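Trainee: Below are the chains, spelled out letter by letter.
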Amino acid sequence: MITRLNVASIYVLDKDQALDFYVNKLGLEKGNDVRQGEYRWLTIRVPGEEGTEVSLEQPGSPLHDEATAEQLRELITKGALGGLVFITDDARGLYETLKERGVTDFTQEPTDHFYGTDMGIRDPFGNPIRILQQGKAATKATA
Amino acid sequence: MSREVEDFNRRLLRARDAMDRAYAEPMDVAAVAAVAHVSAAHFIRSFRAVFGETPHRYLQRRRVERSMFLLRETDRSITDICLDVGFTSLGTFSRTFREIVGETPSGYRSGHGPVVAPHCVQLAAMRPRVGVAEAAESSSFGEATAAIAS
Numbered sequence: 001m002i003t004r005l006n007v008a009s010i011y012v013l014d015k016d017q018a019l020d021f022y023v024n025k026l027g028l029e030k031g032n033d034v035r036q037g038e039y040r041w042l043t044i045r046v047p048g049e050e051g052t053e054v055s056l057e058q059p060g061s062p063l064h065d066e067a068t069a070e071q072l073r074e075l076i077t078k079g080a081l082g083g084l085v086f087i088t089d090d091a092r093g094l095y096e097t098l099k100e101r102g103v104t105d106f107t108q109e110p111t112d113h114f115y116g117t118d119m120g121i122r123d124p125f126g127n128p129i130r131i132l133q134q135g136k137a138a139t140k141a142t143a
Numbered sequence: 144m145s146r147e148v149e150d151f152n153r154r155l156l157r158a159r160d161a162m163d164r165a166y167a168e169p170m171d172v173a174a175v176a177a178v179a180h181v182s183a184a185h186f187i188r189s190f191r192a193v194f195g196e197t198p199h200r201y202l203q204r205r206r207v208e209r210s211m212f213l214l215r216e217t218d219r220s221i222t223d224i225c226l227d228v229g230f231t232s233l234g235t236f237s238r239t240f241r242e243i244v245g246e247t248p249s250g251y252r253s254g255h256g257p258v259v260a261p262h263c264v265q266l267a268a269m270r271p272r273v274g275v276a277e278a279a280e281s282s283s284f285g286e287a288t289a290a291i292a293s
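Chains A and B are the protein sequences, given in the same order.
When we follow the working numbering, the leftmost residue of the first sequence carries the number 1, and every step to the right adds one.
When we follow the working numbering, the leftmost residue of the second sequence carries the number 144, and every step to the right adds one.
Simulated from the structure, these hints should not be mistaken for lab results.
It cannot be assumed that every hint is accurate.
Restraint ranges, calculated between C-beta atoms of paired labels, are given here [as the list claims (entries may be wrong)]:
no., chain 1, residue 1, chain 2, residue 2, range
1, A, Phe86, B, Ala167, 50 to 56 Å
2, B, His255, A, Thr3, 35 to 41 Å
3, A, Asp89, B, Val273, 35 to 41 Å
4, A, Asp65, B, Val273, 47 to 53 Å
Here are some, though not all, of the chain B residues that point toward chain A, as calculated from beta-carbon distances under 7 Å [claimed, not checked]:
no., residue
5, Glu147
6, Arg153
7, Leu156
8, His185
9, Glu196
Here the structure is a predicted model, which means the values were calculated and not measured.
Just so you know, even glycine gets a beta-carbon here, dropped at the ideal spot from N, CA and C.
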């Protein structure tokens with residue numbers, strides 16, 4: 001049987017810019033950063049967790065021909081590709097932290113639901129990210 | 144060349160996100176176009192080319208989707224829901240709802256109960272499909288601004 005999801009991947013336009021966003025803005029940590037010829041295997045993960053790594057893939061050589069890469073880049077920037085869902089222990093606190101770090105692309109401010117409090121942002125390229133604080137929504141009224 | 148397309152898509156997406164975020168507020172097309180740093184006319188044309196529908200229709204479908212949510216999940220009156228989601232006239236709301244969903248708000252309410260799925264899934268999955276009776280030539284957010292002026 002399968003016991004764990006090890007690596008999932010998302011497409012980004014630029015690996016360095018992605019690393020800066022996911023590590024310095026979002027607060028994740030770098031996982032693998034291995035160069036193999038012209039290919040760079042780059043992953044990020046939730047700090048301190050033996051969990052899933054997210055591989056940051058850049059369309060283009062050696063994975064794709066240029067026409068395919070161009071199609072992928074257009075889809076990324078249209079927000080048409082898949083995204084990530086993270087868990088936090090404090091959605092509203094994180095929201096404030098992200099704003100302080102200069103994140104502006106919020107698709108949804110923290111909102112309470114029956115399953116918890118969540119918010120939405122986009123990475124610099126257009127990928128959707130949702131961040132959820134699970135459990136009965138706190139009724140604290142903060143910004 | 145390709146880089147320009149990507150930058151432009153990203154700006155259009157940012158403007159689309161602004162509509163999703165502030166759907167409940169009065170919104171005019173010039174303000175949304177400004178998010179993408181383009182003129183209103185250019186915005187409407189290119190939004191349609193990139194996302195397959197006019198910004199006006201996109202906003203209407205978001206508002207209708209949110210009203211469907213409130214009809215399913217709450218017992219607020221239809222007039223309250225109409226205002227909650229950003230419509231300013233009950234007539235426009237009912238007509239737009241019927242046009243997009245194919246039934247009246249009250250008909251929809253009586254036929255549907257709560258959906259147990261996370262918010263983001265509902266936002267995406269419960270959104271009414273793009274209909275064939277599109278107001279394709281629509282060129283502004285007319286109904287909101289007109290109603291406010293009156």
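Trainee: Each hint needs a verdict: does it hold in this structure or not?
Mentor: Okay, the hints, checked on the actual structure:
no., hint, result
1, A/Phe86 / B/Ala167: 50 to 56 Å, "26 Å, violated"
2, B/His255 / A/Thr3: 35 to 41 Å, "39 Å, holds"
3, A/Asp89 / B/Val273: 35 to 41 Å, "39 Å, holds"
4, A/Asp65 / B/Val273: 47 to 53 Å, "31 Å, violated"
5, Glu147, "11 Å, violated"
6, Arg153, "4 Å, holds"
7, Leu156, "5 Å, holds"
8, His185, "17 Å, violated"
9, Glu196, "13 Å, violated"
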